[in-house]
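With these hints in hand, go ahead and build the complete structure from the sequences.
Single-letter residue listing:
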Amino acid sequence: DAGVTQSPTHLIKTRGQQVTLRCSPKSGHDTVSWYQQALGQGPQFIFQYYEEEERQRGNFPDRFSGHQFPNYSSELNVNALLLGDSALYLCASSVGPGTGNEKLFFGSGTQLSVL
Amino acid sequence: DAKTTQPNSMESNEEEPVHLPCNHSTISGTDYIHWYRQLPSQGPEYVIHGLTSNVNNRMASLAIAEDRKSSTLILHRATLRDAAVYYCILRGGRNAGNMLTFGGGTRLMVKP
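Same order as they appear, the protein sequences are chains A and B. Under this note's numbering, the first sequence has 11 at position 11, and the numbering climbs by one with no breaks. Under this note's numbering, the second sequence has 102 at position 102, and the numbering climbs by one with no breaks.
Everything labelled a hint here was simulated from the structure, so no lab data went into it. Hints may contain errors.
What the hints assert, rightly or not - If you want the ones that stay clear, here's a sample from chain A, every Cβ over 12 Å from chain B, calculated: (1) Ser27; (2) Gln44; (3) Phe69; (4) Leu82; (5) Gly84; (6) Val114.
Stated by the list, open to error - Quick list of in silico lysine-lysine cross-link-like pairs, DSSO-like style, CA-CA up to 27 Å: (7) A/Lys103 x B/Lys69; (8) B/Lys3 x B/Lys111; (9) A/Lys103 x B/Lys3.
All values reported here derive from a predicted model rather than from experimental measurement. Quick reminder that beta carbons are idealized off the backbone N, C-alpha and C, glycines included.
This is the structure:
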């Protein structure tokens with residue numbers, strides 16, 4: 001049973017460019033959340049997708065957007081990249097929109113470097 | 001959002017029990033207490049969670065204080081593989097959804 005898979009594993013971009021990161025949830029999971037983890041910090045919540053809609057959003061600008069597909073996979077898009085966007089981007093999947101009583105399963109992340 | 005407080009770091013010897021404390025004095029009645037850990041170069045990994053009663057699973061035990069204002073994650077026999085950052089997180093109630101608020105966590109070092 002494959003867990004949460006993310007692609008690519010590493011990515012290098014230039015300031016001002018746009019990037020798309022991809023996530024396939026664990027089998028049987030229908031909810032995907034995205035997190036940003038800067039070096040030496042804990043992960044920070046970006047947003048959550050359930051039933052192809054953004055259900056919750058953290059304190060991130062509109063440059064961060066996402067999408068969920070009918071097969072529950074998800075994309076994270078970041079426009080107009082800044083140096084400060086360099087981080088590990090983590091995807092987590094779970095079942096249902098979230099009541100607090102679910103486990104989240106995380107992928108290994110995409111390491112984004114903005115030069 | 002309800003906040004948790006953990007020691008920055010702890011050290012343990014291999015094969016000895018480890019007790020990782022967490023304070024959450026502003027916890028609400030519907031908040032679940034979750035623990036995740038993050039090994040180097042990996043995404044966070046679910047460890048255990050509970051609401052009011054103590055919980056056990058194959059990885060660890062969770063002891064929850066009667067007033068729920070604190071909890072302790074117990075690793076019964078630490079191994080080198082348990083060296084990680086451990087995060088105590090509250091979920092549910094007003095924190096419902098999949099927004100996990102990660103604090104600084106406790107960095108556990110395990111000595112052979």
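Verification of the hints:
1. Ser27: Since the minimum Cβ distance to chain B is about 16 Å, A/Ser27 lies beyond 12 Å and the statement holds.
2. Gln44: For A/Gln44, whose nearest Cβ neighbour in chain B is about 7 Å away, the distance does not exceed 12 Å, so it is violated.
3. Phe69: Holds: least Cβ distance 18 Å, greater than 12 Å.
4. Leu82: Non-interface label on A/Leu82 holds, nearest chain B Cβ at 22 Å vs cutoff 12 Å.
5. Gly84: holds (18 Å)
6. Val114: Fine: 20 Å to the nearest Cβ keeps A/Val114 off the interface.
7. A/Lys103 x B/Lys69: OK: A/Lys103 and B/Lys69 at ~22 Å, within 27 Å.
8. B/Lys3 x B/Lys111: violated (30 Å)
9. A/Lys103 x B/Lys3: holds (20 Å)
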